[in-house]
Amino acid sequence: MLELTTTRHNPLIDPALHIWGWEIPVYLFLGGMVAGMMVFAGLAMLRTARGEDTRTFFSLQTPLLAFVLLNIGMLALLLDLAHPLYVWAIYITFEPLSPMAWGSWVLLIVYAILLVSALIRLPEAWPWLGRTVPWTARASDWFFNRPARMAALGWINIVFGIAVGVYTGILLNTMVARPLWNTAVLPVLFLVSGLSAAAAALHLAARVFGARPAPQGMLSGAIAALGQPLGPQAPAPHTAESLQRADVGLLAFELVLIFLLLLGLVTSSASHSAAAALLFGGQYALLFWIGVVALGIVVPLVMQLLEMSHRLPHTVVPAVLVLAGGFALRWVLVNAGQASAIVSAAAAR
Amino acid sequence: MARFGMVIDTAKCVGCMDCVVACQTENDVPHGYCRDWITTEVRGTFPNLAMEIRSERCNHCDNPPCVQCCPTGASHVEPLGKTVQVTSSRCIGCKACIASCPYGARYVHPKGYVDKCTFCLHRTRDGKDPACVSVCPTRCMAFGDLDDPKSAVSTLLASRKWHTLLPEAGTRPRVYYLT
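So the sequence lines, in the order shown, correspond to chains A and B.
Residue 207 in my numbering sits at position 207 of the first sequence; the count goes up by one each step and never skips.
Residue 65 in my numbering sits at position 65 of the second sequence; the count goes up by one each step and never skips.
Treat the hints loosely; a few may be bogus.
[To be verified] Below, simulated DMTMM-like cross-link-like pairs (lysine to aspartate or glutamate); rule was C-alpha separation at most 20 angstroms, straight line:
1) B:Lys-128 to B:Asp-145
2) B:Lys-128 to B:Glu-41
3) B:Lys-82 to B:Asp-147
4) B:Lys-111 to A:Asp-80
5) B:Lys-111 to A:Asp-14
6) B:Lys-150 to B:Asp-28
Because the hints were derived from the structure by calculation, they are not lab data.
Since we're looking at a predicted model, the values are computed, not measured.
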């Protein structure tokens, strides 16, 4: 028998680590979704560069939505900081061993990429802007009419989208003292989950907003350009279906990754198998198995398969479930990860 | 260059918490927080019981995960004694270092930055012992240069049995406990 008593009583540390609340899961979820949107936007740009008419391919207009989502995520991140007035300290140095330093610098570049990418469809989606600030329309044409430029921007979007998606996982991955996060599967899982959430968000937008002409007014046009990622024309049916097909593949891949993550933890050291036990029982198990795995992955996977074979009418339900499941995944992993700790080998004596 | 470490004799420590109070006073630690603390470990089944009382703190690891993960360099290795320190005016309070520390040695100061044991840098600069070491009534703590074979800490480690906390974390901690 082993009995430990301690006089330590530091807030947020004792009796169990709980330094991160809702802000970090929100940031990781939105960051992952933005990463996925960048990859889909990049793929649409590559198709444009190949000469396909992708004006109706709504992924092309998501950089604006992604920009807004990223700002919400960054606001959550800022709210989490305990010393927020010193946030500039990140940008007067570069710490090569810190994933957070890499992420911070990458996000600066991502902001620029999203703004430039958003410009491509903005004068069309927000006609007031195209009329009032004519150079935006010229800048848009400068990209859109030159396949080489579209291809370059597409690849930049894909590369940095993957970088952001992977970074959200590496951020947790490198915390030595939290065995639940010490798995190289985590960055890949977060990337795939981010792609899946992005596909679901685009699919949801396609269903909810449908095709409407872009409003001519200043404010109405701006709001429509944000919430109507489809652009002025109706999307070709095959683009929505290809998103759904992509999501089915991504969800299936997520299941494999979760299996590998658990398998890796269970078969690893005592600390890691104890961390896995946090997901198999206790306060996080229900949300993990019902919220993340069943409702967030398996149910939408099956529903979308049935929708694709026309045995179930198309609804927004799978997309909503995928988004909720994506957030639940971050919430469970951030919270259970904080509860996981290194198991002392000496305690087993 | 020196590599500061601490050696604590658990056979002498009675857990009086003088080190805890001395630290709080010396370093103006905010009320309700502590940079060092007492852990009492009892193992065995009655009547075969063994107890170890330890004064615990930041281990000023040779391989500190808290320094690696810091995005601003606020968490850094000080040239003097290779101790792990936090520059409060560079800390953004992201708490990554707290998550990465296996020892729970760090906390968020009410002013927003992350705080922890400094091995009393302001005292060791002048060649003095940290406050906790200097007040210990049983003289169970020794402080000094681990790289100097003639230092008090090195001779104790060479002549006695010792262990460190969570060596399996791979951080190579520098607070040693004599048994």
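Here's how the hints hold up against the structure:
{"no.": "1", "hint": "B:Lys-128 to B:Asp-145", "result": "holds (13 angstroms)"}
{"no.": "2", "hint": "B:Lys-128 to B:Glu-41", "result": "violated (30 angstroms)"}
{"no.": "3", "hint": "B:Lys-82 to B:Asp-147", "result": "holds (11 angstroms)"}
{"no.": "4", "hint": "B:Lys-111 to A:Asp-80", "result": "holds (14 angstroms)"}
{"no.": "5", "hint": "B:Lys-111 to A:Asp-14", "result": "holds (19 angstroms)"}
{"no.": "6", "hint": "B:Lys-150 to B:Asp-28", "result": "violated (33 angstroms)"}
When each numbered hint is compared with the structure, violations occur for hints 2, 6.
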